[in-house]
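**Student:** Listed below, chain by chain, are the residues.
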Amino acid sequence: MLCSMTESHLAQVNIGRIVAPMDSPELADFVAQQPEINALADRSPGFVWRMVDGGGVDATGIRPDGNDDLLLFNCSVWESVEALRNFTYHSGHLRVLSRRREWFRRMAEAHQAMWWIPAGHRPTVAEAMERVAMLREHGPGPQAFTFRDPYPAPNGAAQQRDGCHVSTDAEEAVAAFRAAGTSSRAPLPTTRSGNPSTTCGAAPTPHLN
Amino acid sequence: MTDEDSAFDVLGVLSDPVRRRLYRYVAAAPKEVGRDAAAEAARVSRSLAAFHLDKLVEAGLLAVSFRRLSGRTGPGAGRPAKLYRRAEGEHAVSVPPRSYEAAGRLLAEVLENAGLDRELQAAARAAGAAQPDARADDVVAALRARGYEPFWDGGTLRLRNCPFHALAAEFPALICGMNLALVEGLAPEQWSPAMDPCPGGCCVALSKNKND
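Taken in order, these protein sequences are the chains called A and B.
The first sequence begins at 1007 in our numbering and counts up one residue at a time.
The second sequence begins at 3 in our numbering and counts up one residue at a time.
Each statement offered as a hint is correct.
Sample of chain B residues at the chain A side, in silico, Cβ under 8 Å:
id	residue
1	174
2	175
3	205
Covered stretches of chain A (chain B as the covering partner; in silico rule of three or more C-beta atoms under 8 Å from a C-beta of chain B):
id	stretch
4	1087–1101
5	1107–1121
Just so you know, these hints were derived from the structure itself, not from any lab.
From the three backbone atoms N, C-alpha and C, an ideal C-beta is built for every residue, glycine too.
If we strip away everything but chain A, and leave its shape as in the complex, we get (with noise of 0.2 Å):
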């Protein structure tokens, strides 16, 4: 299987403010999922990286706004949007996210931001945050973006999906995908521009469930 060499990641930010201190009884159970819920997306398909704090197991240490000790920070870095979608919306994960709300405020700004790094590129937390702050101000774009409103990978070309690139020019996907008015429910930019090509045949992937 032939994968093209100029990789694109996509590097994911997204905070949150919990209800009561990470050591309350409150945020117990959340606590006590962190080692399997970390586990399951070291382990899965597409997973590259995430950031963990001076502890070395997980990010719950990390605290972007040093006077906020309630607002929590987390960053992966993942092979395409479908992989961190999968993770998100159709694994185990999606139990933790239900439950969100015992756990979490909820944030009336954007509080996660996706954006394309060169594979090999480690974000930090100052990047991570810039991203969060662009998205606020100027909406999505391809400097920072969700799964609502997905970009396409740089260079006109690699999209990632299951490892293999699918090429296509990314302005013309782009401006295809908002000619036609889809909503979010409809696959990436990619797979809606007619007739892309596929390194190695990979399917497109339909949308969640």
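Using the hints provided, position chain B relative to the given structure of chain A.
**Tutor:** Just chain B, lined up with the frame of chain A:
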């Protein structure tokens, strides 16, 4: 032709009872289905099944792939079998026109923005528990009646269909959490529903408690 006309055309194909039986069998099957199995399930001849299955494919209700069921490849492996599965896409028509889906989307958006997951889950759990049919411990029939298309995967009861598919795609955490609570309410006590997403199907799977 309007969207409504196309929906009538597609659904009209199902007015034939044999086709309906074939469609239901293929749509609920956990895997792709060959002609022989479909014919047997619909209690018709293989050639009649083939004719109607292909009508369902023409209408876009079923999709086709070709695969050798023997697992052999190369010369002498024989012709690949034609296999049928439920097609992607949804078809609905309402007379007179009703827009419950649009209302559902608006309501979901408001709940999402207000962070009302737990309130929705409580309502869903109560709604599931209020269904008398499931109390008789025929949880399989109760789930089937709600369109989940349950099937056994070893000792796990998986759900081939997500009745809230479009909303779940748009608001996964909110709607899948609602769905889990609904199934929890519906299932008698000896069952343990849990999030265990099935590719292309529902995010909930059920297992029976060990001590029952």
